[in-house]
Amino acid sequence: MSDAQFDAALDLLRRLNPTKLQENLNNLIELQPNLAQDLLSSVDVPLSIRKDPTDSNREYLCCDYNRDIDSFRSPWSNTYFPELSSEDSQDSPFPSTPLRQVEILANDSFDIYRDLYYEGGISSVYFWDLNEEEFDGHDFAGVVLFKKNQSDHSNWDSIHVFEVTASPSSSDTFNYRVTTTIILHLDKTNYDHDSQMMLSGNLTRQTEKDIGVDMSRPLEIISTSHVANLGSLIEDIESQMRNLLETVYFEKTRDIFHQTKNAAIASSAEETNKDAHAEVIKGLQSL
Amino acid sequence: MTKYERDPELMNFLSKVEDLDSKRYNNASTSKPTGQLLPPLSNDAPRHRNIRKADVMADQIVENRDNLAYRSAYNYEMTFSPKKTHYSLNELDLERTTTESASKGSSSQNAKKFVISEEDYLLLQKLKASQSPNEVSSDQISLSSEKGHRMPSRGRPREKERVSFQYDFNIQEKAPSTSSPSPPPPLPTRRSHVRTIEDDSEEKSVLPRRHTNVGVTERPIPLPNKPEVAVPEGVKPSPPVSRSMKQTSFLSSLEDNKLSMAKGHNSEVHTPKKAAKNSRIDYLDSIQLKPTTLSPTIKDKPRPNPPSPPAKRLPRSESFIKSALNSNLTTTSKPSLPEKPQKLRNANLTAQKAKPSIPPKKVELSLVLPELRPVETLSARQKFEDSIDLPKLRSSTRSIKKQDEHNIPEAIQGIQNLKKTKQGKPLIPQKKSFLTSSLNPTAAEHNGDANKLNNELEALSLRNSLKKRPPKAPERKLSMPEALRKIELMKKSKTEPVLESTKELGINAKLDAIIKSRNLRPCTTVSEFNSIKTNAATSSDSSISEGDTAKETKPLIHLNKKRARGPRRKPPTHV
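Chains X and H supply the protein sequences, listed in that same order.
Using the UniProt record's numbering, you'd call the opening residue of the first sequence number 1 and step up by one each time.
Using the UniProt record's numbering, you'd call the opening residue of the second sequence number 1 and step up by one each time.
In case anyone wonders, no lab produced these hints; they're calculated from the structure.
Heads up, a few of these hints could be off.
With a cut-off of at most 30 Å between alpha-carbon atoms, the simulated BS3-like pairs for lysine-lysine come out as follows [unchecked claim]:
#: 1; chain 1: X; residue 1: K274; chain 2: X; residue 2: K20
#: 2; chain 1: H; residue 1: K126; chain 2: H; residue 2: K16
#: 3; chain 1: X; residue 1: K282; chain 2: X; residue 2: K252
#: 4; chain 1: X; residue 1: K188; chain 2: X; residue 2: K148
#: 5; chain 1: X; residue 1: K20; chain 2: X; residue 2: K188
#: 6; chain 1: X; residue 1: K20; chain 2: H; residue 2: K128
#: 7; chain 1: X; residue 1: K252; chain 2: H; residue 2: K570
#: 8; chain 1: H; residue 1: K510; chain 2: H; residue 2: K491
#: 9; chain 1: X; residue 1: K20; chain 2: H; residue 2: K486
#: 10; chain 1: X; residue 1: K282; chain 2: X; residue 2: K188
#: 11; chain 1: X; residue 1: K188; chain 2: X; residue 2: K274
#: 12; chain 1: H; residue 1: K53; chain 2: H; residue 2: K16
#: 13; chain 1: X; residue 1: K282; chain 2: X; residue 2: K20
#: 14; chain 1: X; residue 1: K252; chain 2: H; residue 2: K510
#: 15; chain 1: X; residue 1: K261; chain 2: X; residue 2: K51
#: 16; chain 1: X; residue 1: K148; chain 2: X; residue 2: K274
#: 17; chain 1: H; residue 1: K128; chain 2: H; residue 2: K16
#: 18; chain 1: H; residue 1: K16; chain 2: X; residue 2: K51
#: 19; chain 1: X; residue 1: K148; chain 2: H; residue 2: K492
#: 20; chain 1: H; residue 1: K452; chain 2: H; residue 2: K491
#: 21; chain 1: X; residue 1: K261; chain 2: X; residue 2: K274
#: 22; chain 1: X; residue 1: K51; chain 2: X; residue 2: K252
#: 23; chain 1: H; residue 1: K510; chain 2: H; residue 2: K486
#: 24; chain 1: X; residue 1: K20; chain 2: H; residue 2: K491
#: 25; chain 1: H; residue 1: K452; chain 2: H; residue 2: K562
#: 26; chain 1: X; residue 1: K148; chain 2: H; residue 2: K452
#: 27; chain 1: H; residue 1: K486; chain 2: X; residue 2: K148
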């Protein structure tokens with residue numbers, strides 16, 4: 001029953017207005033509180049930005065994966081802001097130390113990537129362990145976040161949730177599964193509300209890839225190779241999804257726009273032609 | 001003039017003659033005021049003196065180059081004088097001197113010339129009797145123009161000249177007395193004699209008339225010429241116009257010269273005109289100060305000569321006019337020449353055209369030869385190769401040829417096949433037309449009854465075919481699970497019909513089966529559209545699955561549902 005509710009909630013959220021996704025999600029959680037955790041972790045909402053006061057107010061991106069209660073962990077200082085109580089902080093999730101090193105490396109790497117591809121924006125990477133054991137080079141998960149605000153109302157949010165698990169076939173091969181969601185929101189706000197135009201939506205794709213990693217090497221190199229593999233994979237996925245958006249969705253939207261416009265024009269022309277024909281026929285009959 | 005000056009003998013001769021002249025004039029001088037330039041010419045002797053003085057004065061005036069007014073006045077006096085029985089060539093000399101502005105010939109030189117001319121005249125008169133005219137002419141040349149440097153025979157006249165000088169001295173005193181009664185030497189004779197002179201100068205037909213004029217003008221011996229130059233009394237000459245006042249073109253002046261020359265020969269015409277014409281004659285005289293050769297064609301066709309600046313180019317004009325006259329001679333003597341040169345030009349052009357065509361041939365030949373050599377070598381090589389590897393080469397060439405031979409008929413066959421297909425195709429549009437006509441009731445009404453029947457039959461057949469088509473299309477779109485289901489159904493149906501056939505089921509069972517099959521079709525189609533997965537596998541190991549796809553039973557596949565949920569964390573406070 002919970003699965004059906006969960007699926008129904010997801011279906012409902014997919015068909016609702018994407019601009020009010022956060023509001024609808026809260027409503028659904030209120031409606032079905034037992035689905036709160038699943039919905040919060042499964043539904044991607046536009047990323048929020050916070051500042052790390054300990055790291056010279058450096059901005060970082062916030063999602064449900066770095067949240068604990070109402071605080072969000074900063075990848076720069078590995079602390080939750082606003083700061084949690086001591087009790088809550090003890091229970092709050094943190095990556096293991098070796099994984100934290102990999103997280104730092106990934107943050108630095110994707111920050112470069114963000115600078116190259118986005119020429120601005122914010123990037124944040126959060127890792128967590130899939131196993132309760134300490135990170136030994138495999139079985140870890142994470143999220144790579146990119147956000148760029150061209151204006152206050154136009155946003156590009158990229159959420160890449162990945163899982164790196166050792167493939168059962170060979171120990172040196174790892175399965176990289178990346179679930180990518182791009183939330184695009186274009187809003188042309190004008191004071192004249194009649195001419196307001198808004199385009200919003202999200203696109204989700206999941207990619208899996210098995211890549212071999214030499215596990216005989218030290219952990220640092222293994223972690224570096226993981227970051228490199230993730231980087232190349234995310235790079236390919238983002239480019240593919242961007243092309244999809246441009247060639248499929250925007251073009252389709254454009255076709256619809258032109259069809260509606262031309263259809264209106266054609267219908268008006270047909271009406272005028274019919275009237276003219278009718279007048280001509282009447283004139284001929286009168287003769 | 002330069003030649004006269006250069007010749008010391010001539011200078012001595014001239015100086016002696018001048019002395020004699022001066023003595024003669026001083027002895028028989030009847031001094032008259034200079035203001036009276038031209039008294040009425042009653043007697044020959046005073047007239048001659050007056051003319052002489054006037055000539056000298058005119059020369060002096062000309063030397064001044066500015067007293068044109070005096071010259072014009074003198075000419076006016078000469079022309080409008082009451083009666084002028086004699087036409088003095090001294091007047092011409094006046095004009096000549098005007099034109100000879102560049103040459104600074106003095107009156108003494110004119111006097112010298114006069115003496116020389118008279119001497120020549122006397123010599124000629126004597127020589128005419130004894131010698132042939134040609135020899136005289138040669139002698140004259142030696143005296144006047146050429147000083148015997150070229151021809152050895154020119155030395156003789158000099159000797160004779162010296163002798164004649166001695167004679168001249170004696171005769172010259174007698175000359176005024178003897179010249180008047182004696183018949184004056186006719187101008188034609190002088191001209192002819194000058195012509196003979198010019199015959200030796202290798203330009204026979206050019207000089208004579210020029211030289212007559214020159215000689216007449218330069219030599220103020222009017223007395224023997226006076227009776228010839230008689231002018232009709234009733235005719236009053238028109239006032240002469242100075243050259244400076246009268247603006248005439250070069251060609252017109254040449255024409256006038258021609259006329260004047262002609263008139264001078266035949267009948268002595270009005271003096272003023274002559275004066276004016278002489279002024280134009282002086283143009284050529286000035287051009288040919290030296291006794292150069294002038295062609296008689298100048299009279300005929302002086303116009304073709306281009307108007308060259310004559311006064312400025314006095315020393316150079318000689319060669320210019322020579323060249324011009326030579327060109328005229330060629331043109332006038334042979335009127336058909338202008339055509340010939342064109343032909344010649346054409347011939348030259350053709351020759352020039354033909355010439356360039358030759359070198360490329362040579363070049364081609366030179367270029368072709370190296371090209372031919374490799375061909376020969378290739379053929380030789382091929383021969384060698386054929387001799388060495390005959391079977392290989394033959395097989396290759398024959399195979400290619402055979403292929404080519406086979407390709408052509410194949411193409412032809414293909415064309416024939418295409419034609420067949422084209423012939424077969426038109427049947428379909430006809431059917432279509434029938435279809436349209438049958439489908440359209442209005443069109444069917446217009447057609448005849450027979451056509452109606454035919455069309456209806458064809459339309460029914462086609463409708464049946466159309467009915468058959470639609471079920472085929474969805475069958476192709478069946479997915480694998482649907483196909484499996486169908487296979488199972490078919491198996492069941494096969495088994496059932498067998499059973500039915502055996503059991504002979506009723507019509508209701510068949511209808512149920514048909515209904516079931518129809519009901520299955522939409523299910524399959526819907527499931528097809530829902531089961532379309534746009535999984536884009538980037539590689540063999542990677543795959544992209546779209547989250548929008550979902551089956552009818554599971555309309556949406558939520559990829560986020562399968563992803564990592566993240567670390568364990570506490571829910572937010574607002575939840």
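Against the structure, the hints:
{"no.": "1", "hint": "K274(X) with K20(X)", "result": "45 Å, violated"}
{"no.": "2", "hint": "K126(H) with K16(H)", "result": "21 Å, holds"}
{"no.": "3", "hint": "K282(X) with K252(X)", "result": "44 Å, violated"}
{"no.": "4", "hint": "K188(X) with K148(X)", "result": "16 Å, holds"}
{"no.": "5", "hint": "K20(X) with K188(X)", "result": "17 Å, holds"}
{"no.": "6", "hint": "K20(X) with K128(H)", "result": "146 Å, violated"}
{"no.": "7", "hint": "K252(X) with K570(H)", "result": "42 Å, violated"}
{"no.": "8", "hint": "K510(H) with K491(H)", "result": "15 Å, holds"}
{"no.": "9", "hint": "K20(X) with K486(H)", "result": "45 Å, violated"}
{"no.": "10", "hint": "K282(X) with K188(X)", "result": "50 Å, violated"}
{"no.": "11", "hint": "K188(X) with K274(X)", "result": "39 Å, violated"}
{"no.": "12", "hint": "K53(H) with K16(H)", "result": "20 Å, holds"}
{"no.": "13", "hint": "K282(X) with K20(X)", "result": "56 Å, violated"}
{"no.": "14", "hint": "K252(X) with K510(H)", "result": "47 Å, violated"}
{"no.": "15", "hint": "K261(X) with K51(X)", "result": "46 Å, violated"}
{"no.": "16", "hint": "K148(X) with K274(X)", "result": "53 Å, violated"}
{"no.": "17", "hint": "K128(H) with K16(H)", "result": "25 Å, holds"}
{"no.": "18", "hint": "K16(H) with K51(X)", "result": "139 Å, violated"}
{"no.": "19", "hint": "K148(X) with K492(H)", "result": "61 Å, violated"}
{"no.": "20", "hint": "K452(H) with K491(H)", "result": "46 Å, violated"}
{"no.": "21", "hint": "K261(X) with K274(X)", "result": "20 Å, holds"}
{"no.": "22", "hint": "K51(X) with K252(X)", "result": "38 Å, violated"}
{"no.": "23", "hint": "K510(H) with K486(H)", "result": "16 Å, holds"}
{"no.": "24", "hint": "K20(X) with K491(H)", "result": "53 Å, violated"}
{"no.": "25", "hint": "K452(H) with K562(H)", "result": "67 Å, violated"}
{"no.": "26", "hint": "K148(X) with K452(H)", "result": "73 Å, violated"}
{"no.": "27", "hint": "K486(H) with K148(X)", "result": "52 Å, violated"}
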